[in-house]
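Following the hints, position chains B, C and D against chain A.
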Amino acid sequence: MSFPILTATAVLPAVGAIVTAAVPAARRTAAKWVALLFSLATLVMAAIVLVRFEPGGDRYQLTESHAWIADFGVRYELGVDGIGVVMVALTALLIPFVILAGWHDADPVETKSSRWRPTQGFFALILMVEAMVVLSFEATDVFLFYILFEAMLIPMYFLIGGFGDRAHSGTDENAAAQRSYAAVKFLLYNLAGGLIMLAAVIGLYVVAGSFSLSEIAEARASGSLDMATTTERLLFLGFFFAFAIKAPLWPLHTWLPNAMGEATAPVAVLITAVVDKVGTFAMLRFCLQLFPEASKWATPVIIVLALVSIVYGALLAVGQRDIKRLIAYASVSHFGFIVLGIFAMTSQGQSGATLYMVNHGLSTAALMLVAGFLISRRGSRLIADYGGVQKVAPVLAGTFLIGGLATLSLPGLAPFVSEFLVLVGTFAAYPVAGIIATFGIVLAALYTLVLYQRTMTGPVKTEVRTMPDLKVRELAVVAPLIALLLFLGVFPKPLTEIINPAVEHTMSDVQKQDPRPDVEAAK
Amino acid sequence: MENLIALLVAAPLLGAAVLLCGGRRLDRIGHWLGTLLAAASFVVGAVLFVDMLGKGAEERALHQKLFSWIPVEGFQADIAFQLDQLSMTFVLLITGVGTLIHIYSIGYMEHDERRRRFFGYLNLFLAAMLLLVIADNYLLLYVGWEGVGLASYLLIGFWQHKPSAATAAKKAFLVNRVGDMGLSIAIMLMFTTFGTFAFGPVLGATGETSEGMLTAIGLMLLLAACGKSAQVPLQSWLGDAMEGPTPVSALIHAATMVTAGVYLIVRSGAIFNAAPDAQLAVVIVGAVTLLFGAIVGCAKDDIKKALAGSTMSQIGYMVLAAGLGPIGYAFAIMHLVTHGFFKAGLFLGAGSVMHGMNDEVDMRKYGGLRRYMPITFVTFGLGYLAIIGFPGLSGFWSKDKIIEAAFAYDDGIRGWIFGGVALLGAGITAFYMTRVMIMTFFGEKRWQPAPDPDKDASVEPGIEVTPGEMPHPHESPRSMTIPMIVLAFGSVFAGAFFSIGDRFANWLAPVTQFEHPHPVISVPAITTATMVVLLAGALIAYLMYGHRPVPVTAPRGSLLTRAARRDLLQDDFNHVVLVRGGEHLTRSLVYVDHSLVDGVVNGTAASFGGLSGRLRKLQNGYARSYAVSMFGGTAILIAATLLMRAV
Amino acid sequence: MNTLAASVTSTGEAVQFWVLGTIAVIGALCTILMKRAVHSALCLAGTMIILAVFYLANGAYFLGVVQIVVYTGAIMMLFLFVVMLVGVTAADSLKETLKGQRWLAAACGLGFGILLIAGIGNASLKNFNGLGAANSAHGGNVEGLAALIFTKYVFAFEITGALLITAAVGAMVLTHRERTERAKTQRELSEQRVREGKHLPPLPAPGVYARHNAVDIAGLLPDGTPSELTVNKTLRDRGQIRDVSTEALDDLKALEQRSEERLGRDKDARDRDGQEAKR
Amino acid sequence: MNPVNYLYLAALLFTIGAAGVLIRRNAIVVFMCVELMLNACNLAFVAFSRMHGNLDGQIIAFFTMVVAAAEVVVGLAIIVSLFRSRHSASVDDASLMKL
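Protein chains in written order, with the numbering used here: chain A, 1 to 523; chain B, 1001 to 1647; chain C, 2001 to 2279; chain D, 3001 to 3099.
Note that these hints are calculated values from the structure, not bench results.
We put the CB at the ideal spot given by N, CA and C, even for glycine.
A hint or two may mislead.
Covered stretches of chain A (chain B as the covering partner; in silico rule of three or more C-beta atoms under 8 Å from a C-beta of chain B) [to be verified]:
#1 310-322
#2 402-415
#3 428-440
#4 457-467
#5 486-496
In silico DSBU-like cross-links for lysine-lysine, where the CA-CA straight-line distance does not exceed 35 Å [unchecked claim]:
#6 A/Lys391 with B/Lys1365
#7 A/Lys471 with B/Lys1162
#8 A/Lys471 with A/Lys493
#9 A/Lys493 with B/Lys1065
#10 B/Lys1365 with A/Lys461
Derived DEER-like restraints, expressed as beta-carbon distance ranges [claimed, not checked]:
#11 B/Phe1573 with A/Thr29: 57 to 63 Å
#12 A/Ala483 with B/Gly1582: 32 to 38 Å
#13 A/Ser180 with C/Arg2182: 45 to 51 Å
Isolated chain A (complex conformation) (with noise of 0.2 Å):
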């Protein structure tokens, strides 16, 4: 037996979580750089599996596998395919930037009105999200997947609760207030989407009889898995109600606002570059894997859905005063897209919305932590109280700008080649439907240079007059992540080669074809 990488990357971060949790309270620095090793750490092992990961191979690869829970057939699985592994490297890449943009963020705060707050505390959670999350990307085992999945909610509701944005417009106990109606919010309705996945997954056992993705595959493929359609439609609702609202999908995305506003950037870029994603990832994996024809049957709907998360984002995006609101709704547009590239259900539609998963991530933590930034000079959230930020921190502005023009996809930047494989996948299959979401792409420039517009340019308020520009450590952050976006954007073969096979994979699991051009169709 092989050394069992992908448990290793999962349980690296869970010992950090350990360690860092351990270390004593006066060590605050010690602590964070602990996290930061053992991030870093994970992100070496998350290359590592990048790099064994064979494109052209099995569609699960580096797979583990032993009993667990014998009496319920539920086994503890891993394997990763294209997408998952690409995942996977998407996590690992992100949390390191998260800490170091945190960097001080979870530092108990002087004043006597504000509670302590545990600065290890901050960094272990993160681990342990990592943890989860990279696991749940891992697994291939249902009830160890629903397991993660809901897991992972404990550590965020606690990021969320716990260690807020300092930078709020009412007293102190009112942002604690409003912090932790965010966390409520968070985790009702995630908890409210677990439990009726759970019932799926009962469900799933009872007519399967086992929990294993890739056995139930397989008898479904040969056939010896019957589903009747309204208890494989069934199921399919109930699986996916818990990833739309993770994703989240209009009209179930009220939470993401509140939570990403009230959380500090780095948390937020957590909830929406990483934890998110498990959403779109799981639709991916279980939605169309498992349940082929209902996936199809629902698509209609989930095209309309996920129409009106792309403008009804934006529009919001656009009315919102709050600048983390606005990069809220504007992810709310974008995983939009990703939904929408995935039950699009053409090989360009589900290799965008996989490569949008990662550029998503990247853009947004760009953009969000740059935001960060920006607010931790200012202490305020709102838009109206910036102006001429440009004159006084050109560096700063100019990384905002170039997050704002990878969240509105301009070409040349990574998250244009997945929007417009997207958008060319759905139109191939949905005129219609490709051409409604081509008018994002206008809503998206809107609220993205209103943004820009307001905060940045302008004459220099006084409030903004001695702000400093980016530091060292902020530069460290912002700059790869620009680095990335830029080389992805021109050269993102070394992606779309891990994805296309899993997507060819997951195109042949629900039985559809690319249609073919006119032309060729024609002839």
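Okay, now just chains B, C and D, sitting in the frame of chain A:
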């Protein structure tokens, strides 16, 4: 030779990267570096051009594939270049005019503390524009397309602390995005129709699909062209774009970027040729914009905005020509090139005037400048003669051909209409350009003391202005005058050089095909008519502005004048319908999201809470009450059991 | 023994059933309707004895005896002890305090009873096998039970033993109160009284007009009202103060009258004597 | 007479006992009613034992008695300690078991 193509883009891109990331250390040499790399790109272009001339007409096109960009099942996008005669023309125009304007900017931006960044943006623009014209597929073209949009955004908003500049930049980007939507839909249509979007396969396979599909693609491409080239109905951004520094207006918003739409249409000629309805739409758009821009140009007092109106109108000519099919493509491009020369020259002249007049832009506050800045006067004057189509100068050759071609649209009423519109446009052009000329360089001095920059945000910074000081007009430094002189040469001679023996049309023919137009009336008649209209326009302008003193504050004017000053109310329409409407929509959606979408969920939670509140009262703590419910429950169970037995 | 095996019982048993059954039901009803707990307990004991007779009649000789010995003899006595502890004379108010409780209870009870009886009626219970064979298999009822208890049910039996022990220990734990603090000395108590400033002298003694064991009779204040302070706190808590003020006052009045009468007669006699003497 | 009448009697006694539990507030009386219900069950068990002709029913009744004895012991102890702390044996007084 193919390997040099990438160098065209790489040089300015390198410049942009170095200048934008380099930090303050490069402040002292940044502008030289930028200019040098632009010139390097021009040299590469020239080398390639010479090489191209050495080959036969059909073998001139070069291809270079760098690497596979987006390889996905069924979807192949490459980073690949194609340099044919059409691209070559653009490359030379872009790098040539671009280099000149780089040189000009060295002087113009001398006092701006962010000059390094300005040159970085200019280089970025060059790179994107070159990418646009040498891309070998529509998706890569789209990258360049948006890239120039970004550069334009950055440069219009270069003086970002001016809210008007920031707003204008945003507006330009947004309106362009609407056009970009058209381009992306067009690409998607190509993909679903042809399975590819590379120029060669798409343009070669137009015969294999329906005319309806081609019309759809054509209309979407037209939408894209409207956005980028400021054609009606997406023209509103161009006037505001004059908030940017003048070299930017000259390079981007006159000579190169705004002509990208024309390039797109000419490049997609095969599609339009097979879709007459789309062609008709192109012609109509061109004709409408031609008049629209000209009318707006007549009413503006801001010299740059008057020129912007003119640009719009001239591009209208080009689009009109491009819509005419093989009889017009070559003339569209030829007018594009000559227009690049004289309009860039005019803008640079305008910049030179502003430079000498404390950045005053209102022509009513100029007057009598010809003695103070002779070089500017002469070069501007040559550009003026060229644009109105004075016989022998560049504009005469190119515009006259377009008017001829417009008359040749068909044999019926349409030929007359389009020809007539083009003819009328020539007259109006003569009118407004004469007006600009007279108000700026002739007549009495109407100079005003410099405004206080602290009170008036519209003052361009960069030049030290003492409030209340009268301007001291002076000739601009040599770095500014030399580009103007070079461009003036182009304005004078380029047209004749291109036209004699249809040299230009034959050069482009392998790409665009070329047919001689057969207008509904004879060519000499058209030329004569053009001359008459032209003289009439100039004469009216002289009578109105040269003959009488020009008031410093603008008179109220007729209804048309007032509407034209406001861009024929198009902005007002946009504001009321799109901006206001959009604001209301987003605001109400924010409300809906909070109260309805969130409210439904919260309401569900609250109703559960209420229900539990009711149920809680059953939990009164009295053991006997619990016993009753337990006993009752048991009774019900027994009843159920008995009933089940009975059934 | 044969009578036990028939589907119809002997006439003697029938008579016994109807007579004793009626009494058992009346006893049960009295149990729940009597105001005083001690009366309820006695009624219940009666019902249980009747049940014991029924056990015997049904051939469960061992159980019948156990019922009398254990239930009536031990458990009911335990009840009575507790009743004594809590207050043997304390009467409950039968007024219902919970809204709708009585109606719900009545409805539930009625419905339940009907259902139960309907269920029994529905069941096919016509044939009684009787216990003759079973009882004689091991040579008698007790032997038969013993055989079962120590074979088939031995595990349950052992567990029941453990349960009983646990119950016994539990009862002790529950009722036993460890003194957690040192008892106050008389000196401390008197000091506390002085600090609190009330009842400085000893409390008044009960039953001034004691004619029997008068611990539960409140002493009367000068105006004739009883003072609860004079009665032991435990009795006060149980509500077992006997109010004898009216009787005492009546007694007093009667005494006065009697003495008056006697004195009056004497007076009359004196008067008469005096008149006579005057005459 | 059919011995099934014993069962009817048991049902009647059980119902009476249950009603007593619901109606009475004195914990001791409530407890007596519980005993009454248990006894009713025992009667039914004994009658069934006779019906089926084996002794298992009696065994169950026996165990019921034992358990009832244990229950009474603990229950009464609880009542006593309740009474000590509250000076009342009313079940309604102990009504803190609510939200």
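How the hints compare with the structure:
1. With a threshold of 8 Å between beta carbons, the proposed coverage of the region 310-322 of chain A by chain B holds, since 6 of its residues qualify and at least three are required.
2. With 4 residues bearing a CB less than 8 Å from a CB of chain B, the region 402-415 of chain A meets the requirement of three and the coverage assertion stands.
3. Residues of the region 428-440 of chain A with a Cβ under 8 Å from some Cβ of chain B number 6, which satisfies the need for three, so the listed coverage holds.
4. Counting residues of the region 457-467 of chain A whose CB falls under 8 Å from any CB of chain B gives 4; the rule of at least 3 is met.
5. Using a Cβ-Cβ cut-off of 8 Å, 5 residues of the region 486-496 of chain A lie near chain B, which meets the minimum of three, so the contact claim holds.
6. A threshold of 35 Å between alpha carbons decides the hint, and for A/Lys391 with B/Lys1365 the separation of about 32 Å falls inside it, so the pair holds.
7. Between A/Lys471 and B/Lys1162 the CA atoms are separated by roughly 27 Å; this keeps the pair inside 35 Å, and the hint holds.
8. Pair hint A/Lys471 plus A/Lys493 holds up; C-alpha atoms about 33 Å apart against a cutoff of 35 Å.
9. With a C-alpha separation of about 15 Å, the suggested pairing of A/Lys493 with B/Lys1065 holds against the 35 Å cut-off.
10. A threshold of 35 Å between alpha carbons decides the hint, and for B/Lys1365 with A/Lys461 the separation of about 33 Å falls inside it, so the pair holds.
11. In this structure the hint that B/Phe1573 and A/Thr29 lie 57 to 63 Å apart at CB holds, the actual value being about 60 Å.
12. Against the hinted window of 32 to 38 Å, the Cβ-Cβ separation of A/Ala483 and B/Gly1582 comes to about 35 Å, which satisfies the hint.
13. Taking the beta carbon of each, A/Ser180 and C/Arg2182 are about 49 Å apart, inside 45 to 51 Å as hinted.
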